[in-house]
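Could you put the whole structure together from the sequences, leaning on the hints where they help?
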Amino acid sequence: MASLPSSRNNYTDQQLWRGLREGDESAFTAIFDRYHRTLYNYGNKLFSDSALVEDAVQEVFIDVWRMRATLSEEIISIKFYLYRSLRRRIHRMQGKYQSGGTIEELVDDDSTPTSNTEETTQIEQESRDLLSRRIQELLTHLPKRQVEALTLYYYDEFSISEIAQLMDVNEKSVRNFIHRAITSLRQNRNWLIGSLLIFWLLCSL
Amino acid sequence: MKQAAYVLTDFLEDPDFMRWIKHPDATQDAYWQQFLEAHPDKKPIVEMARQYILIVAEQTGQQLPTAAQSDMMRQYIQKHIREENNEKTVTPFTRTVGTNWGWLRMAASIALVISIGLGTYWHSQRQAIQPESYQQFVKETPAGVTLKETRNDTDRPLTVLLSDGSSVVLQPASRLSYPDTFQQREVYLTGKAFFEIVKDPSHPFLVYTRGIATKVLGTSFMVDAPESGQPIKVAVKTGRVAVYALEKSSSVRQKAANPELSGLVLTPNQGAEYSIDSKRLVRMSGSVFTQPETQVIAKQSFDFDETPVPEVFNTLEKAYGVHIVYDETILGKCTLSASLVGQPFHDKLAVVCKALEAQYAIQGNQVTITGGQRCQ
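Protein chains in written order, with full-length UniProt numbering: chain U, 1 to 205; chain A, 1 to 376.
Hints listed in this document are in silico derivations from the structure and should not be mistaken for laboratory results. Check each hint, because a few of them may be wrong.
[Unchecked claim] Straight line, CA to CA, 25 angstroms or less: simulated DSS-like cross-link-like pairs of lysine-lysine:
1. 22(A) to 43(A)
2. 333(A) to 172(U)
3. 172(U) to 79(U)
4. 172(U) to 144(U)
5. 318(A) to 333(A)
6. 79(A) to 79(U)
7. 79(U) to 144(U)
8. 79(A) to 42(A)
9. 333(A) to 354(A)
10. 43(A) to 79(U)
11. 22(A) to 172(U)
12. 22(A) to 42(A)
This is the structure in structure tokens:
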């Protein structure tokens, strides 16, 4: 073990990576601490069985440690490396349970974004709470790949080109996923407000 | 952002805008302030977009592990890497196992010993074509065991599959004598070959050449024992071997069974040279696999990362001098991630076929792959 200071919080990815390659277990632990939470979150967008996601995350890190001697010297983003490994692992796992994506998801690839003509400039009075609940609800209905793209873009803050590499599609498809997801969130707004209103009316009767 | 109507989705899909919302700094503040001054009517939309981005980010990040889950994962990983660290010192080479992810893990641990290289250079005694040690080898072969000899008279490598599952890639103008079925794992080599030996600690594997015996447990290594009086080289790729000088007077088997006697145990990245004049083995350093005359298979890492299957097969074909027949319409677009260094040919095929859900059959130098899952 190298004699590096115990606190690794301020180390750059490159420093941690170097430590890992040299077999420094504390650098490895620092990488785990830094990335496993968001990695696990991402895994749950790919696969609905969180116990299997947990296994897959563990295996990804165990593999990183075992392969440390053969890892490339320079790394641009450890996070990207981990996400890609997890995605591949989960997809291999999924291959055992189901084959291929759904038709709906495949159609997404080449279709052009629908132009948003009904965009209004009206001031939306929705409270943050209501909007939050609505988006939460709608996320459960979006195709998996749209949710994946949204997560990688808005939560994990990967670039479009990184997301394209992760998801194994071109950048245009990534933009389509995001655009379609956002359009759905927007378009469903009125419908949802309407149904909430009806629900409220029914309850108050 | 480009000059346009600036609808909500324009803001939501603009990376610069998102970065500003999530991580505002002075430069970006200034830029967007300026933008809003130029387009005061966009203020509500910008505000809305801010809400959307923050909420979508928040809602897509709701599946973080609990502190307890994090601890469990950390402990599980630590337990496994400690175990692996311990295993590694005892058994540098491990056979493929059949558990779901086991082979991947196994492959990963094998990959750690890639590029472990060591070599022994042995200046042999000038002897006749059938050297004394060969006659001794034949003589000491237990009664009832039939010796087989495979000669490679072609100009391409030839793979010999041994009864214990080990494989030997014999180079042109080389020959290997070995029992039909092993009682003791002992072979005799003239020429150059690359060995990938199945691990079996209770049955050490011995390679005899003129002048030296190489004893291994499970490992992969190269032996170059030319018929002429040139030096004999032993180069180990994975694992550990012991090299013994064979003297006329003593039995090779006694020697090999007794590691204290003049044997040289070589560990990763070490080599050794035997000087005929001084009659001793001297350690050397430096990689033995970088020399231009080194066989393809000895240099090959067999480390595949999302490698297209045709390329994997091509690598195996070149390394083992075999022809692999498979249905390209089914497997042509599949990729494979595995590290197969040090494993015998059978084990490599077994791992590849397991990953592809296919079967294999070997007939002569032709391998036929059947079945498998079609890849898109």
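For each hint, the structure was consulted:
no.	hint	in the structure
1	22(A) to 43(A)	holds, 18 angstroms
2	333(A) to 172(U)	holds, 23 angstroms
3	172(U) to 79(U)	holds, 23 angstroms
4	172(U) to 144(U)	holds, 17 angstroms
5	318(A) to 333(A)	holds, 20 angstroms
6	79(A) to 79(U)	holds, 23 angstroms
7	79(U) to 144(U)	holds, 21 angstroms
8	79(A) to 42(A)	violated, 56 angstroms
9	333(A) to 354(A)	holds, 16 angstroms
10	43(A) to 79(U)	violated, 35 angstroms
11	22(A) to 172(U)	holds, 24 angstroms
12	22(A) to 42(A)	holds, 19 angstroms
Figure legend: structure checked against the earlier numbered hints; hints not met, in rising order: 8, 10.
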